[in-house]
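Protein chains: 4
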Amino acid sequence: MQAEPSNRPYEECGVVGIWGAPGAAGLAALGLHALQHRGQEAAGIVSHDESRFYQRKGLGLVGDVFGDPRDIAQLPGDCAIGHNRYATTGATLLRNVQPLFADFEFGGLAVAHNGNLTNAQTLRQALVKRGCIFQSTTDTEVFVHLIAISLYSTVKERLIDAAKQVKGAYSVVCLDQDTLIGLRDPLGVRPLVLGKLAEGGWMLASETCALEIVGAEFVRDVEPGELVVIDKSGVTSCRPFKNTASRFCVFEYIYFSRPDSQVEGRSVYQARKQIGVELAKESPIPADVIVPVPDSGVPSAMGYAAESKLPFEMGIIRNHYVGRTFIEPTDQIRHLGVRMKHSANHSVLAGKRVVLVDDSIVRGTTSRKIVDMVRAAGATEVHMRISSPPTKHPCFYGIDTPEESKLLAATHSVEEMAKVIGVDSLAFISFDGLYRALNHVNRSEASHRYCDACFTSDYPVELVDREGRLIA
Amino acid sequence: MQAEPSNRPYEECGVVGIWGAPGAAGLAALGLHALQHRGQEAAGIVSHDESRFYQRKGLGLVGDVFGDPRDIAQLPGDCAIGHNRYATTGATLLRNVQPLFADFEFGGLAVAHNGNLTNAQTLRQALVKRGCIFQSTTDTEVFVHLIAISLYSTVKERLIDAAKQVKGAYSVVCLDQDTLIGLRDPLGVRPLVLGKLAEGGWMLASETCALEIVGAEFVRDVEPGELVVIDKSGVTSCRPFKNTASRFCVFEYIYFSRPDSQVEGRSVYQARKQIGVELAKESPIPADVIVPVPDSGVPSAMGYAAESKLPFEMGIIRNHYVGRTFIEPTDQIRHLGVRMKHSANHSVLAGKRVVLVDDSIVRGTTSRKIVDMVRAAGATEVHMRISSPPTKHPCFYGIDTPEESKLLAATHSVEEMAKVIGVDSLAFISFDGLYRALNHVNRSEASHRYCDACFTSDYPVELVDREGRLIA
Amino acid sequence: MQAEPSNRPYEECGVVGIWGAPGAAGLAALGLHALQHRGQEAAGIVSHDESRFYQRKGLGLVGDVFGDPRDIAQLPGDCAIGHNRYATTGATLLRNVQPLFADFEFGGLAVAHNGNLTNAQTLRQALVKRGCIFQSTTDTEVFVHLIAISLYSTVKERLIDAAKQVKGAYSVVCLDQDTLIGLRDPLGVRPLVLGKLAEGGWMLASETCALEIVGAEFVRDVEPGELVVIDKSGVTSCRPFKNTASRFCVFEYIYFSRPDSQVEGRSVYQARKQIGVELAKESPIPADVIVPVPDSGVPSAMGYAAESKLPFEMGIIRNHYVGRTFIEPTDQIRHLGVRMKHSANHSVLAGKRVVLVDDSIVRGTTSRKIVDMVRAAGATEVHMRISSPPTKHPCFYGIDTPEESKLLAATHSVEEMAKVIGVDSLAFISFDGLYRALNHVNRSEASHRYCDACFTSDYPVELVDREGRLIA
Amino acid sequence: MQAEPSNRPYEECGVVGIWGAPGAAGLAALGLHALQHRGQEAAGIVSHDESRFYQRKGLGLVGDVFGDPRDIAQLPGDCAIGHNRYATTGATLLRNVQPLFADFEFGGLAVAHNGNLTNAQTLRQALVKRGCIFQSTTDTEVFVHLIAISLYSTVKERLIDAAKQVKGAYSVVCLDQDTLIGLRDPLGVRPLVLGKLAEGGWMLASETCALEIVGAEFVRDVEPGELVVIDKSGVTSCRPFKNTASRFCVFEYIYFSRPDSQVEGRSVYQARKQIGVELAKESPIPADVIVPVPDSGVPSAMGYAAESKLPFEMGIIRNHYVGRTFIEPTDQIRHLGVRMKHSANHSVLAGKRVVLVDDSIVRGTTSRKIVDMVRAAGATEVHMRISSPPTKHPCFYGIDTPEESKLLAATHSVEEMAKVIGVDSLAFISFDGLYRALNHVNRSEASHRYCDACFTSDYPVELVDREGRLIA
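Residue numbers (full-length UniProt numbering), protein chains in the order written: chain L, 1 to 472; chain Z, 1 to 472; chain W, 1 to 472; chain B, 1 to 472.
Calculated directly from the structure, the hints in this document are not laboratory data.
A hint or two may mislead.
Said to hold, decoys possible - In silico lysine-lysine, DSSO-like type, Cα no more than 27 Å apart, as pairs:
1) Lys156/Z to Lys129/B
2) Lys129/W to Lys156/L
3) Lys392/W to Lys281/W
4) Lys129/L to Lys281/W
5) Lys341/Z to Lys341/L
6) Lys129/W to Lys164/L
7) Lys129/B to Lys129/Z
8) Lys129/L to Lys309/W
9) Lys309/W to Lys281/B
Can you build the whole structure from these sequences, using the hints too?
Structure below.
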């Protein structure tokens, strides 16, 4: 993930659920820690013991909010759900931190959600008209109110009732006094996996790396449109939606998911390496050294280097101590072109023809700074290879992208982009190359089509609120 | 740098000094940010404008203490010194955060110091007897009192007077109303470099990466035993000590310095790669994949892989969001063998013979956890290669190592260590291999001898206080 | 008000509303400061300018929450309402701090409320059943949901609709984008006054002392059951309830209201003095000195002293620096019988026959401590006179009293109480004496009957939820 | 004490010492709480158990700093000293909070001090010249350094050595590992009393009210110039200075000390009442009501009322919730003449000729506001009577008064002051009247002369640093 905030897409959330394991909140916190890359602004956990619910939420990293063992001790019980959030700043933020919790006629329910509803505003207006009072600006609360007013008698039925009314991309976990439920949207845009804890009990999580950290065994992906119910009788499943071909988010492969996660049964790390291989086949260039923009560019650069038989070097060093806050540079410092997150490793750049490999270009400002830095370190040529197609369209399914006019690729040709960024050459992986790397013949004949709307504008879920979409 | 606190040596400090540049405190903060790897517990800056001194200190990362532009705005002036600190915890900590500042007869003086004095306790007792009142438990305050009671009339002379009384390894920067002074101990154990700011003014810093971030040009290392005085007339230099052969800390190459820094005119990154090459020559092993323990093991592993013609893979993924605090694992969680900082990348480990390359083994507990994790991910064989000789002796020159009895290599043979750590084979770089990688024939004939006392117990500076050394 | 928490009744709230005055939030904060005696646990203000609403809430005194002028600067606009709260402790508190704010179909509405609903739980259950989601545990939120689901089209009509469904004692202020509304319950148990700001604009407040501090002119009490609407066309009034005889809380005279406030057109200070006069007539005793328990006992003691021609002395000194927190005494300190809030003025107690005058006895523990302290200071006799009848029943109308079994007067005769408290004699004002002091012939023939249920159990509003009343 | 900061003199400190009592720190905290009126800005305690010293200091009230029982639990031991401080604001404050602690050759020493040294700057310059490094800007640190460099071998001898070098008004308590020492300056300007704890052990405190709160028995005043040493052998005493007539601060009677304290064997409350009696004799006026400016004016007003046979009424109500911070009034609010601490009780002022009784006039701004408020409440005449002579000169002995040019009485006649303040008449107690009230024939023939320099400019201790006195 690269440097400056809002120059990159940010996944808005990671979710976990634990059922039937002593110390569930501690396990949930570890799972959230493993999913920290999916949201760094806030974290929350709701647990349940035999008698009641407990919750703790806070701004900051999981380790900030749950860093003290006493924080976990105040969340007793064998069941818990948790949530990491990327969110806007401001005084009203805390009320948006998930999981949301509400008392219903039949008891309490906690809900956490990764994704975005495309008809959230429309539904919200209808709910407010009916007399519902919203406390947050999150899509999740739409779910909660739909559940509250549903006339069905069980949480499961009410959740299905709610899910049939919403449109969008989402993975939801819910906890009531008896049951942990996981639900993936009909197209399966956002990921959700099921695991089994070593000493009994079950786990749901956005990615397998969250299972890994607590030693849980990966069982399977929750399937697109599947609702999984975990209670004393074990795991049962139902499919409330009519069958549709799935459209998993291809950006999970390119950038979002952790390289050690498995998505759709495939290693993210290996997928990225293979994209690098395809990229090298499609866009070779004579050079002395292949340098990744760390950390997300590393595997692609390794694949590119291997395929092109050129040396792979860590020519850019990442400063790991960049937190959420730092000196907002004064004009003087800004003028210096300070790079807080990256520095150039002169010893492998000076006098070299350098190929930089990165995962995407959003606004282009970060890329420009990095290229300048590499040239200042003495590179004689700088070429850039991008392991995704040009990002031309915003995401409406849970990723915080700038509006279309701010996307460099939306308004510039590749040649123009090369000039803006200051490189000698620029190339993106092709659609077909990308699909080949993921083991398909090409995009059009892919056995499994992805959601790649940010490249293609082929939006698989209707954009009901588009004109006024909620950004919360 | 690897995971658990106190399993690894920690450099205690980074220092910077700025002279003659508007916004000096902002530049100092950036420099400290680049030196964050040398100390993460606290940070402080003292600045001076035409009329007075200003200071700000706090616990935490540089970005925590100086994250708000207003923090910097309250430190006006063209001159500043700053300090990063690794330190013990506790309520009394803040008074130990440097720079220390004192009012003297002739005006104010701020002092920041990286290293350790080996006669600090002895001097302190004598000073207290004389009526000096200590406010901190730092070695730096010994310097300050020695300066205060010196009968010489200038800061420079008083600093020399003080330096002649102390023994140890140190790089010191001082700021009075007119002058920025840098001083390196006679053997040059700790690093200190001089740079020139692009728009005028001078900079001192522990490493070149701090020059880099503010666009300062590297001028030269401050030499062992050299005192550099920067004032309106420019940079002047003197050598108050009699000539001795220098003994630079070899661990700065192996682990401490940032890979993109240059020390003694040599790239740290390239030195580490070359150590990996030598290690592969000395201790080859049939294997399928070479895997670094990130991040410090990466260049050595690349060198090892290149020399051994085996594939280099990122088989261990580092979680970048591990801060200073996190869930102190409950027994339940500890039982899971949770690894907060690292996770296994199954896709490159399963079914493979793996060579792990790391920089050192201190207590062995972290290594054991990593090996277990790699085996759990399906590695069929695990071999470990270490890019330093066995760490058998504590450091008394500014690095926080455990006492000798806790150093695994002090009490175990290499074969025994392999068993403790759970590897199929274990090898360390030899003394001569290490010196060869640094361009010497071998250790005994090195044109330039290092301080390698942690491996050899050849302590180049007398350990006056040894029995009761201060750990502050 | 006497010392230890929960030994005394606490008024739960004070409210203010400002309409049509620049800097409304600042005026509201001053008004809340003047009403601080009505609630010290939390404070909140919602303001509105031409375009939107702003809010700030926090735990602590008004000066803690709004102590920085920037806090007020972030609450722009000409209209504001504010609230002081007494509340239970705990992490979930903040969501209970008023004013509550909600977005409705027709816009935003802020609501603040002083009092207690006696059918809040019953209504809440019905609302939850309907699908309403509660965020707080306050009665106020019942109002808010009733307004949200009302089918009427204006805030005023919806508020009336809601008010007709609730039972209890309350004074409510509401602010929407155009209007400030004040509403007093049909019996007028809780106070609410209307004032006119010097430079234009209107003010509502629980007591006249809040008008005083901002220089507003007292216009009149809002009448029992009256709804006052303030907007651009001025102040209009309506009476949505059928006429009933009012039942103002007599404890407002005895203890709650500030002595410089006017309630029902009568000075609280003078009323208390007159109660002291009646008490002296009813229960004279030979003594040397009349000593108030400060501060609430001062006027009654002055009246008692004047009537009995005995000297009035400040024999008990109050420590004004007792905040919300202090050393929870260790056993050792508790054993000392430490009195944090009061100390004895030996010079007027030693060797004297002392009459202590206080406003009420709740549990008796504080009285006992004070009596012990006065005896320890050398008093030869200690008599106690109480300016209210015995408190035998809990309040369900907005005052936090202990349950009946904890009220000393509920389980002890006056003679037994005297023994428990350790006094030589004890007397309470009679019902008729109390009414006489308030200018009535006696209780049964009072032209104006008070709510005196805490003394008489004559509860004027039906206790619908009684078995499980909400304590929030 | 009246309202706005810096309009009034503020005593800078209160001190306590406990020796030989389990839970000493808890007792010290209670003592400091009772002395809170002497300093509200910061508080600190140092305790000692058999083996070491513990300290805790913080900004705010005693209850803020020591409000949590765990704070006290971290200060174990049978001995403790504590300090309340009034101090200037700012980031560097904490280092000035007392007790100061230092390690000496012979062990640790904690020192707390109430008062002011008149040669502190002179001594400080000499000490800095010698090489002493100051950490604070307090006079107390001068004591500490003088003790540190003394060549005597015991703390007692070193303290005497230091005391002989300082000039000023002070009461000092010191704690080393064996001994609690109390010392009063030769003229006894500041108070210090000795008490005996009920269950054994000894106590020193600025006022008797601190003994009272922990149930300690008053033994006697520490005498002017007396040094009291408390250790295992009991209490011993010595008089290191040559005999001088004492000069106790008369303002302790008038304003500073708590009314329930005894100073010089006389009740402060009764002294104030008697001043009121004398004032009524000297300056009678036809009026309807005598009204104190609370709280310090209450006893004098009672005395005045009794002597003049006019009714005493609480015509001004104090708001007890004014803390250290509040809305710094905006211009708009300032224009309203807002009185945060006081409000008028209309019912006793309207239509009345009012005599206000207050303790002093410093700048006059507060008096003016109060007079305006009383007139606005309808008073037909307002007269002011002051229970001290005109304050014409600053205090250099530990009370924070404005410089002479800001003292209204220094630049205005009484008639002019009356105009400034807006009263119909103004009178101050005469010197002789004041001395008469304290049982002397008159000032010139007083058996015991007070320090009354703020009225008379008869400064009894040489003002060595006067030109540049330290304000810390």
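Open item on the list: Tell me the numbers of any earlier hints that the structure contravenes, in ascending order.
Closed with: As far as the earlier hints go, 4 and 8 are violated by this structure, in ascending order.
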